[in-house]
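Engineer: Chain by chain, the residues:
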Amino acid sequence: MIGVIYKREILDHLKSAKFLIGFGLTIAITVVATIINVQDYGRRRQDYANAERDLPRNKFEIQIFRPPEVLSVLVQGKDRSLGNKASVNYLNIPDRLTGYMSERSTPRPKSLSGFGSVDFAFLVRVILSLLVIFLAYDAVAEEKQSGTLKLALANALPRSSLLIGKASAGLTVVLGSLVAASAVSVLIMMVHPAVDLSGADAARILSLVAVSALYLTVFYMLSLLVSTVVKRPATALMVLLQLWIFLVVVYPNVGVSIAENFYKLPTDREMAEKKVAAFALYGDELKKVQAAYFGGDRTQATGMRYLELQSLRSRLWNDVDRELSLRLSGQLERARWISILSPAALFNRVAERYARTDIEEYDRFLASVERYWKTKYMDFQVLFYKDLPAYRKASTPPFEHPTEGMSEAWAAAAPQIVVLVLLALIFFAAASTAFLRKDVR
Amino acid sequence: MRAIVFREIRDHIQSLQFVALLLFSIALFSANGIIFARKFQAENAAYSAAAAQFAPNTQYIFLTRQPNPLLFLAEGGDLDRPASYYMMAKGYFSASAPRPRDYKLPDIPKLDWSFIVKTVFSLYVVLLGYAAVCGEKEQGTLRLVLSNPVGRVRFLAAKYAAILAAALIPLAVGCVISLGILGVSLPQILTWGLASRVASLLALSAAYLSLFAFLSLLVSSVMRRSSLALLCLLAAWVLFAVLIPDTSGILAEKFAKVQSDYDAAKSVGPMIEKEVWAKIGALQPRIDKGELKTAEAIKAEADKAFEEGQEKVRFFEKSYEDSLAQRAALARSLARISPVALFQYAAEDLAGSGTHREEAFREDLRAYSREFDAYVLKKNGKLVGQSNWSFSTSVKLAGKDIEIRSPQAEAYRGDMSDFPRLVERAPRLGDGVKSAAGDIAGLLLWNIVLALAAFATFLKTDVR
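Keeping their order, the protein sequence lines are chains A and B.
Counted the way our numbering counts, the first sequence spans residues 60 to 500.
Counted the way our numbering counts, the second sequence spans residues 9 to 472.
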């Protein structure tokens, strides 16, 4: 019996004007957004390759470039906004990446909408979640209003079978649209010469589609619940749109806004004072050694002490910068905790994690830069004072940034996945209970 | 007609959409008042502290921007721009600290009036108006109403007035709450100047929401089913509020005929090589030939080479900044296809924020830079131009290393009580209206076109 209902519901959905309009819109936005984003990625990738090859560098100041993430085509996250260059020298351990021109980040016109970038993640979070609402709001309420619900249940049809049939058919249509949009995006990526997808990227894309499916399931179950509880389909649609506005537009921004405005961060002045205080003990000695060194005392002992003091100052300043970085991470965690029940915020976080375009990936890259500075770079600079000919002959030590494995990404995203699963189950259980008790007359 | 308007307003007020809009309006405008009052207090405290600690210096000067108390109307990216700059001779500026400081947080819009109106209120106008015609047609009430002596034009005009009124009531409530909170926290900002800006922004908001009301009536007249009308309207809203504005930035990067970040960086190295190191490299052969015989003569030649090099670097960096501004202007022009962008830019002009305010501030900086240069020249007798590059190397004269480095500005040690201070011109509403005129005209044009389309369509609609 479930099979018959499933088939009938799917046919009804596929023939409906709202599905055709919604699906057409989904595919159109997918094509336009993917083409724009893949070309943008291609330019950034080319700039990165050119920078690695062409930009001048020297042994004292080593330029490290961060390649753009290939999956930023699907989930832009922070990938294109936080810079792509770290200049490593013994005077400073970089605490932020900069643009190629060394400004702090490449300036771009700010988004007007507040929905972030138009990419695959946006499509799922905003467009497909709206489509889900339009496909599911009348699942029960419409049949009740038109009187077909009591006719259907007058046959030997258990209520649970009817609900499962409707839910599985609706979900099939929704997830089918998701798979179609994903396939279109991946196809466009694959035909673009700048994109080279590896096996690991394929696993990440599949994970991304899976979490998208879970997110849409949450909205489907919520829509089913409202359609069951509310009597009129028009009212169900209005209730669902209010919930959508709250869950997708308002709530995710509330957490960020509270954290932005009510989480205390040290001021620029306090940071500067902390840095001065951190090195106060050695300030006079550095001035003396510097004066001696530039005054002509080029002995190894003076050179080494000069380097040691500069290096110590960089490390102490880096400690102050790291303290701020930890405070900023704390601020972000505060925002995330407040938005813990927002499916849109949870989805976004997991999607950025799988695409490696989240702030954690940025922090991991900066940690690699710091590790490089503290080990390979400083060992190399010591050679300048100890063995100048060897320094001149040697090439600069290579920078390495280990890629985060998929299993680590899955583990990191597990709590958000669990909350999304729980939300879907709670909404489905509530919808089932409400439907089993519903007065169908 | 009045009876229809009142009936419609009463129906809207009893609807879920209106209640939700009223609640959102109260919550969002309250948050607006609290957040911007706190922000202004913090910015103002930092500005006052910087002003109190102002230290005249002929090498460089630390300048802090005066905070704008009107950002609660339209923030316009102001809070993401540097709050302070270092300024050196010959008009060289450098931001003292990057913004935003809390870069780890997701980018979200600032909760100013313009955001609340352009996003939340426009969406609710669509929700209030989508069923205006097709909803009545579905229920069969449309032909009943029109069987009475009520003209179609009057009927649609009444619907339009009711939708707009149902949106403007929560807007007015929200604005009063926001102004109340700001007035308690910052009584100094409650002036007639603010009242005229608020009135202008409300008029602009009404014009903006009006076009969404006309759009809703148009789509509602075209479609037979209200759920389909709503779907189409939401698609249009996503297009105007999200797709066009968000893709305009990326498209501008593609189409702008300006150097990219990478291309600019690529040209710096060869330029410095040509302008600085080639000239410095020519010193040693001249020393060897005996043309330069003393350390002083060498340093004078090096200073000249460095000065010329710095001049080129400054000019190049200025050109790069100008190209970024051109690209941003192109993105704004592309975004203007959407009425949401027209509203946003007009709101920024009326609030005295946004790019026009930034340009005005830079003009003030340039004027101050000329005063600063004249002062330094008077006190030190010379001007030394610098950039964020500094150069040093050594040459050999008679077997001895001579250190040469790019010249630094001198610190004047005498009386500097007459040191010039930066004076920022306060933004004037008249200038704002003038800057916003094009965008306002665009919004009015959208209104006229959509109104004509809505009325023409409704007059031909089969009401059965």
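Since the hints were derived computationally from the structure, they do not count as laboratory data.
Keep in mind that a hint or two might mislead.
With the Cβ distance kept under 8 Å, some of the chain B side facing chain A (calculated, not the full set) [what the hints assert, rightly or not]: (1) P114; (2) V158; (3) V161; (4) A165; (5) D254; (6) F324.
Below are the SDA-like pairs computed for lysine to any residue, each with C-alpha atoms no more than 20 Å apart in a straight line [as the list claims (entries may be wrong)]: (7) A:K435 - A:A473; (8) B:K98 - B:E379; (9) A:K323 - B:E51; (10) B:K262 - A:R104; (11) A:K347 - B:E411.
Nothing here was measured: the structure is a model prediction, and the numbers come from that model.
Built from N, CA and C at the ideal position, the CB exists for glycine as well.
Engineer: Under 8 Å, Cβ to Cβ, is where B:P114 needs to be relative to chain A, so tell me if that hint holds or is violated.
Structural biologist: The hint holds - B:P114 has a Cβ within 8 Å of chain A, the shortest such distance being about 6 Å.
Engineer: Mind checking the alpha carbons of B:K262 and A:R104 for me, to see if they're no more than 20 Å apart?
Structural biologist: Holds. B:K262 to A:R104 sits at ~14 Å (cutoff 20 Å).
Engineer: Given B:V161 as an interface hint, is the shortest Cβ-Cβ distance to chain A below 8 Å?
Structural biologist: Violated: closest Cβ of chain A sits about 27 Å from B:V161, beyond 8 Å.
Engineer: Should the hint that B:A165 touches chain A count as held when the rule is a Cβ pair under 8 Å?
Structural biologist: violated, 25 Å
Engineer: B:K98 and B:E379: Cα distance at most 20 Å?
Structural biologist: Holds, at about 10 Å.
Engineer: Taking 8 Å as the limit, does the beta-carbon of B:V158 come near enough to a beta-carbon in chain A?
Structural biologist: Since chain A brings no Cβ nearer than about 24 Å to B:V158, farther than 8 Å, the hint is violated.
Engineer: Regarding the hint that B:F324 lies at the interface with chain A, is the smallest CB-CB distance below 8 Å?
Structural biologist: With Cβ-Cβ at 10 Å, over 8 Å, it is violated.
Engineer: A:K323 and B:E51 were given as a pair; does the straight-line alpha-carbon distance stay at or below 20 Å?
Structural biologist: holds, 14 Å
Engineer: Does the interface hint hold: is B:D254 within less than 8 Å of chain A, judged Cβ to Cβ?
Structural biologist: holds, 5 Å
Engineer: Has the given pair, A:K435 with A:A473, been kept, meaning a C-alpha gap of at most 20 Å?
Structural biologist: Violated, because 35 Å separates the two Cα atoms, which is more than 20 Å.
Engineer: For a C-alpha distance cap of 20 Å, please report whether A:K347 and B:E411 respect it.
Structural biologist: holds, 18 Å
Of the numbered hints given earlier, the model fails hints 2, 3, 4, 6 and 7; all others are met.
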